[in-house]
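Given the sequences, and given the hints that come with them, work out the whole structure.
One letter stands for each residue in the lines below.
2 protein chains.
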Amino acid sequence: MIKQQKIKIKNAPEVLRIIPLGGLEEVGRNMTVFEYQNQILIVDLGLQFPDESMPGIDFIIPNIEYLTQHPEKKILGVIITHAHYDHIGAIPYLLDKLNYPTIYTAPLSKDIILKRQEDFSYLKKPHIEIINHSNQVTQLGPFSLETFHLNHNIPDTLGLALKTPVGTIFYTTDFKFDFHPIADKPADLSKIANLASHGVSLLMSDSTGAENPGHSISEKTIMENLDTIFAQAPGRIILATFSSLLSRLQQAIWLSEKYNRKVTIEGYSMKTNIKIAEHLGYLQIKKDTLVDWKTLSQSDPKRITILCTGAQGESEAALIKIVNREHKNLRIQKGDTVIFSSSIVPGNERAVQNLKDDLIKQGAKVYHYKMLDIHASGHGFQDDLKMMINLTKPKFFMPIHGHYSMLSAHADLAESVNIPRENIVIAQNGQIIELTSESIKATEKFVPTNYVMVDGLGVGDIGEIVLRDRQTLSRDGIFIIIALVDRKTGLLYNSPEIVSRGFVYMKESKELLQEVKKLTAEIISRCTKEQTFNEIYIRNTLRDEIGIYLFKKTQRRPMVLPVVMEV
Amino acid sequence: MIKQQKIKIKNAPEVLRIIPLGGLEEVGRNMTVFEYQNQILIVDLGLQFPDESMPGIDFIIPNIEYLTQHPEKKILGVIITHAHYDHIGAIPYLLDKLNYPTIYTAPLSKDIILKRQEDFSYLKKPHIEIINHSNQVTQLGPFSLETFHLNHNIPDTLGLALKTPVGTIFYTTDFKFDFHPIADKPADLSKIANLASHGVSLLMSDSTGAENPGHSISEKTIMENLDTIFAQAPGRIILATFSSLLSRLQQAIWLSEKYNRKVTIEGYSMKTNIKIAEHLGYLQIKKDTLVDWKTLSQSDPKRITILCTGAQGESEAALIKIVNREHKNLRIQKGDTVIFSSSIVPGNERAVQNLKDDLIKQGAKVYHYKMLDIHASGHGFQDDLKMMINLTKPKFFMPIHGHYSMLSAHADLAESVNIPRENIVIAQNGQIIELTSESIKATEKFVPTNYVMVDGLGVGDIGEIVLRDRQTLSRDGIFIIIALVDRKTGLLYNSPEIVSRGFVYMKESKELLQEVKKLTAEIISRCTKEQTFNEIYIRNTLRDEIGIYLFKKTQRRPMVLPVVMEV
Numbered sequence: 001m002i003k004q005q006k007i008k009i010k011n012a013p014e015v016l017r018i019i020p021l022g023g024l025e026e027v028g029r030n031m032t033v034f035e036y037q038n039q040i041l042i043v044d045l046g047l048q049f050p051d052e053s054m055p056g057i058d059f060i061i062p063n064i065e066y067l068t069q070h071p072e073k074k075i076l077g078v079i080i081t082h083a084h085y086d087h088i089g090a091i092p093y094l095l096d097k098l099n100y101p102t103i104y105t106a107p108l109s110k111d112i113i114l115k116r117q118e119d120f121s122y123l124k125k126p127h128i129e130i131i132n133h134s135n136q137v138t139q140l141g142p143f144s145l146e147t148f149h150l151n152h153n154i155p156d157t158l159g160l161a162l163k164t165p166v167g168t169i170f171y172t173t174d175f176k177f178d179f180h181p182i183a184d185k186p187a188d189l190s191k192i193a194n195l196a197s198h199g200v201s202l203l204m205s206d207s208t209g210a211e212n213p214g215h216s217i218s219e220k221t222i223m224e225n226l227d228t229i230f231a232q233a234p235g236r237i238i239l240a241t242f243s244s245l246l247s248r249l250q251q252a253i254w255l256s257e258k259y260n261r262k263v264t265i266e267g268y269s270m271k272t273n274i275k276i277a278e279h280l281g282y283l284q285i286k287k288d289t290l291v292d293w294k295t296l297s298q299s300d301p302k303r304i305t306i307l308c309t310g311a312q313g314e315s316e317a318a319l320i321k322i323v324n325r326e327h328k329n330l331r332i333q334k335g336d337t338v339i340f341s342s343s344i345v346p347g348n349e350r351a352v353q354n355l356k357d358d359l360i361k362q363g364a365k366v367y368h369y370k371m372l373d374i375h376a377s378g379h380g381f382q383d384d385l386k387m388m389i390n391l392t393k394p395k396f397f398m399p400i401h402g403h404y405s406m407l408s409a410h411a412d413l414a415e416s417v418n419i420p421r422e423n424i425v426i427a428q429n430g431q432i433i434e435l436t437s438e439s440i441k442a443t444e445k446f447v448p449t450n451y452v453m454v455d456g457l458g459v460g461d462i463g464e465i466v467l468r469d470r471q472t473l474s475r476d477g478i479f480i481i482i483a484l485v486d487r488k489t490g491l492l493y494n495s496p497e498i499v500s501r502g503f504v505y506m507k508e509s510k511e512l513l514q515e516v517k518k519l520t521a522e523i524i525s526r527c528t529k530e531q532t533f534n535e536i537y538i539r540n541t542l543r544d545e546i547g548i549y550l551f552k553k554t555q556r557r558p559m560v561l562p563v564v565m566e567v
Numbered sequence: 001m002i003k004q005q006k007i008k009i010k011n012a013p014e015v016l017r018i019i020p021l022g023g024l025e026e027v028g029r030n031m032t033v034f035e036y037q038n039q040i041l042i043v044d045l046g047l048q049f050p051d052e053s054m055p056g057i058d059f060i061i062p063n064i065e066y067l068t069q070h071p072e073k074k075i076l077g078v079i080i081t082h083a084h085y086d087h088i089g090a091i092p093y094l095l096d097k098l099n100y101p102t103i104y105t106a107p108l109s110k111d112i113i114l115k116r117q118e119d120f121s122y123l124k125k126p127h128i129e130i131i132n133h134s135n136q137v138t139q140l141g142p143f144s145l146e147t148f149h150l151n152h153n154i155p156d157t158l159g160l161a162l163k164t165p166v167g168t169i170f171y172t173t174d175f176k177f178d179f180h181p182i183a184d185k186p187a188d189l190s191k192i193a194n195l196a197s198h199g200v201s202l203l204m205s206d207s208t209g210a211e212n213p214g215h216s217i218s219e220k221t222i223m224e225n226l227d228t229i230f231a232q233a234p235g236r237i238i239l240a241t242f243s244s245l246l247s248r249l250q251q252a253i254w255l256s257e258k259y260n261r262k263v264t265i266e267g268y269s270m271k272t273n274i275k276i277a278e279h280l281g282y283l284q285i286k287k288d289t290l291v292d293w294k295t296l297s298q299s300d301p302k303r304i305t306i307l308c309t310g311a312q313g314e315s316e317a318a319l320i321k322i323v324n325r326e327h328k329n330l331r332i333q334k335g336d337t338v339i340f341s342s343s344i345v346p347g348n349e350r351a352v353q354n355l356k357d358d359l360i361k362q363g364a365k366v367y368h369y370k371m372l373d374i375h376a377s378g379h380g381f382q383d384d385l386k387m388m389i390n391l392t393k394p395k396f397f398m399p400i401h402g403h404y405s406m407l408s409a410h411a412d413l414a415e416s417v418n419i420p421r422e423n424i425v426i427a428q429n430g431q432i433i434e435l436t437s438e439s440i441k442a443t444e445k446f447v448p449t450n451y452v453m454v455d456g457l458g459v460g461d462i463g464e465i466v467l468r469d470r471q472t473l474s475r476d477g478i479f480i481i482i483a484l485v486d487r488k489t490g491l492l493y494n495s496p497e498i499v500s501r502g503f504v505y506m507k508e509s510k511e512l513l514q515e516v517k518k519l520t521a522e523i524i525s526r527c528t529k530e531q532t533f534n535e536i537y538i539r540n541t542l543r544d545e546i547g548i549y550l551f552k553k554t555q556r557r558p559m560v561l562p563v564v565m566e567v
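Chains as they are written, first to last, in my numbering: chain G, 1 to 567; chain F, 1 to 567.
Heads up, some of the hints might be wrong.
One copy or two, either will do: identical chains are not told apart, so a pair holds if it fits within one copy or between any two.
Stated by the list, open to error - With a straight-line cut-off of 20 Å between C-alpha atoms, the simulated DMTMM-like cross-links for lysine to aspartate or glutamate are:
(1) LYS370 - GLU349
(2) LYS488 - GLU566
(3) LYS488 - GLU522
(4) LYS517 - GLU566
(5) LYS74 - GLU515
(6) LYS365 - ASP412
(7) LYS365 - GLU415
(8) LYS370 - ASP358
(9) LYS507 - GLU52
(10) LYS334 - GLU415
(11) LYS365 - GLU444
(12) LYS334 - ASP412
(13) LYS393 - ASP412
(14) LYS553 - GLU434
(15) LYS552 - ASP119
(16) LYS441 - GLU415
(17) LYS488 - ASP383
(18) LYS328 - ASP188
(19) LYS510 - GLU522
(20) LYS370 - ASP412
Simulated from the structure, these hints should not be mistaken for lab results.
The model shown is predicted, which means the values in this text are computed figures rather than measured ones.
Structure (structure tokens):
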């Protein structure tokens with residue numbers, strides 16, 4: 001936190017500044033600023049999901065103080081590389097504050113962004129331009145942008161080749177190389193090589209898979225394994241995956257068509273994404289394949305595929321509602337085959353285990369990615385990453401996207417394919433990187449990147465203190481003492497009121513409460529004897545002494561909150 | 001919860017009852033009751049660690065109502081299979097309530113149990129008898145017990161061959177087969193085969209690894225990989241693992257001796273376990289190998305090994321103190337090699353990632369089990385489990401230890417090696433299993449197994465309500481309104497006091513608070529106009545209306561707690 005003060009930064013004329021506002025110490029919250037002579041390009045506006053130390057928080061978005069505090073800097077546009085929430089999720093919260101710069105992206109991302117914006121009825125419709133045409137060059141101030149096609153697990157993922165006055169920067173975003181992708185073309189290696197042939201100053205490349213040896217698994221392998229499951233399934237197939245994992249959804253639709261199954265979709269976001277992708281021609285679905293549940297419910301189970309959300313055990317998603325018998329139509333039945341076609345996001349392991357257990361108890365056969373390759377990561381492994389470095393042959397290298405251990409592993413990889421260590425920069429969030437035609441430098445200067453948390457309608461109003469209070473409350477609860485002091489006598493006006501939640505079950509702790517009431521009376525009489533009525537002094541004394549008393553009796557430390565009022 | 005009532009159970013004369021009080025729907029809390037004509041043998045008294053839905057809870061212990069409510073049943077003894085906390089951890093909480101039955105176990109478990117009991121000074125010293133001598137037969141009422149040696153990741157792990165009037169039961173506890181174990185002998189296959197040669201009625205076997213194909217990795221492989229790391233380490237080696245993982249500690253000690261390093265131990269429980277194991281001759285340590293840090297601090301880093309706890313990112317353990325610069329002596333320095341020699345317990349992934357990131361940032365080289373086999377599970381994989389079934393050739397089979405998906409996978413394995421499906425019982429916690437010489441039956445009868453939670457000094461006093469309150473408090477905090485009502489006018493005596501924690505940052509929400517105060521005054525004046533002062537009615541109206549108001553303004557649902565007092 002120390003590093004995050006507002007700082008004055010002089011503009012050196014021939015220096016390009018790269019400022020990662022997120023994505024370098026975590027997975028998510030991706031946003032990078034490219035700045036040349038006060039002209040700014042932004043790449044991605046993503047969100048991050050909170051961890052267990054942030055109870056109640058919906059998500060975290062990038063801190064854009066650097067931009068809002070420098071109105072003299074001109075934002076030329078926002079480039080969106082693909083339509084995952086860790087790259088587009090902060091748009092409804094931040095675009096407004098940035099005065100609606102034009103968004104440049106590919107068609108699928110455009111439609112998904114526009115659709116999501118509709119949930120925020122008070123916001124303007126963003127202006128979005130399409131930039132993925134072949135050989136299209138987009139001129140934005142001093143920058144000239146070309147894109148190249150990459151594989152990820154959503155179509156229309158754009159790699160960026162950004163010509164700047166100090167040299168060309170390749171920015172990969174999340175990617176992998178897949179020679180047999182589904183519902184997508186292979187990454188455009190020749191375009192990458194061509195664009196790179198004029199010389200690449202800096203490669204900024206996805207590090208999420210940098211700790212995994214080998215090549216990432218092709219969607220073709222996934223397809224073969226799914227085919228085996230489809231061929232054997234004795235009844236309905238329920239495939240749970242991320243709602244944006246369009247390649248997996250395409251696979252399930254093709255296999256359903258092959259095995260003469262109709263498909264129904266459960267989950268609002270999944271339905272929306274399929275509709276958008278189908279409309280754009282990114283999904284191939286035969287006319288009669290998709291049906292609603294009403295049409296299907298009486299069919300032979302072997303003719304039914306259900307695609308749904310909830311592979312992470314999310315409490316609001318379709319799959320958990322089905323298992324908990326809360327879904328309006330669907331129940332698990334004996335003979336169902338349930339396929340978890342996704343990795344488990346850290347933190348969700350227990351929820352997924354419970355879900356699996358319940359499915360099996362209810363008679364389903366469950367397949368998950370530890371048993372069989374039925375999910376492929378969207379991120380290239382070490383060999384993919386080395387291939388990207390070899391294709392682009394950059395002078396300088398900067399690993400992006402991922403935890404420090406991943407960035408560090410990626411830096412080691414780059415060194416192993418002959419990028420000199422001194423040409424590699426592992427940066428931190430907010431750190432200002434200076435690129436010239438000759439050099440790269442991670443400066444000691446930082447812009448603010450502390451967490452901006454979204455909680456309900458509040459954006460950025462939850463800080464460290466509120467979070468710490470939530471943690472304390474969740475561990476041992478709260479213990480409130482309300483004491484009215486008679487202004488004439490300085491003694492308790494009546495028996496103090498005690499309210500407690502999350503600490504002990506009150507009905508079973510009468511004796512403890514009696515003792516606390518007695519102690520409260522003693523403390524107040526002592527305090528008012530020592531000096532005239534001093535609310536703060538009484539309150540602090542009550543908090544300290546009753547806190548110690550409760551800890552001695554229970555070994556728990558509830559938040560002790562005395563309220564003292566004179567009447 | 002519905003199933004857990006006190007029930008009357010008639011004793012059929014030739015029936016053995018098996019009642020798992022824990023361990024069948026989770027990992028941990030292992031405790032099984034064997035009952036024949038009101039005579040009871042208990043196997044293990046373990047605890048379970050809480051998940052994220054149980055904030056503040058220290059751990060969960062088995063529910064022993066079935067035993068305490070039936071004093072007519074005689075407890076013949078408690079058999080402890082090995083000294084892991086999920087098998088011994090509940091002893092200090094439950095032995096007392098069971099009137100201190102004799103514990104039967106192996107020497108290492110005995111000493112670890114006695115040492116831990118010292119932390120509970122108000123308890124009696126348990127009476128413990130040793131039962132792992134070769135060919136020793138322990139007669140306990142109608143039961144006759146022999147043990148056989150198994151591999152796990154702690155020495156002295158006992159498999160049980162329990163002769164009962166209805167047939168012989170094999171009970172494996174957590175185990176694997178390791179032909180090259182460290183600080184241990186291989187599992188005693190010939191004794192297992194010999195004991196089984198007289199016929200096995202029922203095999204109860206560990207399911208934790210039942211979803212993993214192949215054989216579990218041998219400690220020999222781990223040793224070879226650790227050797228490679230030790231051979232290359234340019235400076236100090238810091239190896240973090242579980243404090244009870246004695247085989248791993250032995251490996252690190254041998255390798256340190258091989259590479260001429262002295263060893264220092266950081267972490268109280270690890271020190272204690274090493275002392276106990278060394279005293280029993282279970283660890284081989286040369287006279288000068290173990291030294292304290294003071295002696296070591298000035299040595300050549302290449303001569304130093306530090307063994308410590310904290311591989312799970314636990315906030316109180318040595319490794320995190322070192323990284324956070326809170327350790328009294330140790331800091332990470334460039335050239336350190338840190339080895340995470342343990343799996344990650346689900347729920348700890350983010351803490352471990354943060355720890356790894358910090359270590360790398362501070363200059364350490366980090367090795368973890370995803371990069372290299374430097375940790376082996378203590379649980380047999382599918383081929384080990386099939387081998388156990390083939391060695392014992394049981395008539396009936398009951399998978400134990402693990403989540404339902406593991407039990408179910410283990411049942412499938414058993415069927416694949418020709419145990420008929422109708423002879424396999426997948427039971428639930430608390431379910432009464434009836435075994436006769438001819439049959440096995442999972443009855444519809446259940447004994448109570450609902451969670452007993454330990455929180456500080458409280459055992460079992462935290463229930464659903466307190467936990468739910470903690471969850472609510474952690475999500476959106478608490479909002480307390482204290483309103484004094486003038487008994488003469490029925491109006492507010494003074495401006496209501498508002499205290500809130502974990503909801504909004506109060507200083508920045510003055511307007512919201514003003515509005516709530518106004519609303520409070522309105523509600524009270526309305527309520528006291530409608531009828532005479534009715535505290536409960538006013539309180540409920542305040543809670544509902546202010547709750548709705550706050551949600552509308554913030555989309556958050558803090559716990560609203562009105563306190564209304566007449567003055």
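Results for each hint:
For a Cα distance limit of 20 Å, the shortest separation of LYS370 from GLU349 qualifies both inside one copy, at 12 Å, and across copies, at 17 Å. For the homomeric pair LYS488 and GLU566, the shortest alpha-carbon distances inside one copy (9 Å) and between copies (18 Å) are both at most 20 Å. For a Cα distance limit of 20 Å, the shortest separation of LYS488 from GLU522 inside one copy, 17 Å, qualifies, whereas the shortest one across copies, 30 Å, does not. When the C-alpha separation of LYS517 and GLU566 is checked against a cutoff of 20 Å, the pair qualifies both within a copy, at 17 Å, and between copies, at 19 Å.
In the homo-oligomer, the alpha carbons of LYS74 and GLU515 never lie at most 20 Å apart, since the shortest distance is 65 Å inside one protomer and 40 Å across protomers. Only between protomers do LYS365 and ASP412 lie at most 20 Å apart by alpha-carbon distance; the minimum there is 11 Å, versus 42 Å within a single protomer. Taking CA atoms no more than 20 Å apart as the test, LYS365 paired with GLU415 passes between copies only; the shortest distance there is 16 Å, against 46 Å inside one copy. Taking the shortest alpha-carbon separations for LYS370 and ASP358, only the intra-copy value of 18 Å comes in at or below 20 Å, while the best inter-copy value is 29 Å.
Taking CA atoms no more than 20 Å apart as the test, LYS507 paired with GLU52 passes in neither setting, with 31 Å inside one copy and 26 Å between copies. Taking identical chains as interchangeable, the C-alpha atoms of LYS334 and GLU415 lie at most 20 Å apart only when they sit on different chains, with a minimum of 19 Å there against 54 Å within one chain. Taking CA atoms no more than 20 Å apart as the test, LYS365 paired with GLU444 passes in neither setting, with 55 Å inside one copy and 24 Å between copies. In this assembly of identical chains, LYS334 and ASP412 lie within 20 Å of each other by CA distance solely across copies; the values are 16 Å between and 50 Å within a copy.
Taking the closest pair of Cα atoms, LYS393 and ASP412 come within 20 Å of each other only inside a single copy of the chain (16 Å); across copies the shortest separation is 52 Å, beyond that limit. Taking the shortest alpha-carbon separations for LYS553 and GLU434, neither the intra-copy value of 59 Å nor the inter-copy value of 44 Å comes in at or below 20 Å. In the homo-oligomer, the alpha carbons of LYS552 and ASP119 lie at most 20 Å apart only across protomers (17 Å), although the nearest pairing inside one protomer, at 51 Å, exceeds that limit. For the homomeric pair LYS441 and GLU415, the shortest alpha-carbon distance inside one copy (17 Å) is at most 20 Å, but the shortest distance between copies (63 Å) is not.
Taking the closest pair of Cα atoms, LYS488 and ASP383 never come within 20 Å of each other, the shortest separation being 81 Å inside a single copy and 82 Å across copies. Taking CA atoms no more than 20 Å apart as the test, LYS328 paired with ASP188 passes in neither setting, with 45 Å inside one copy and 55 Å between copies. In this assembly of identical chains, LYS510 and GLU522 lie within 20 Å of each other by CA distance solely inside one copy; the values are 19 Å within and 34 Å between copies. In the homo-oligomer, the alpha carbons of LYS370 and ASP412 lie at most 20 Å apart only across protomers (17 Å), although the nearest pairing inside one protomer, at 28 Å, exceeds that limit.
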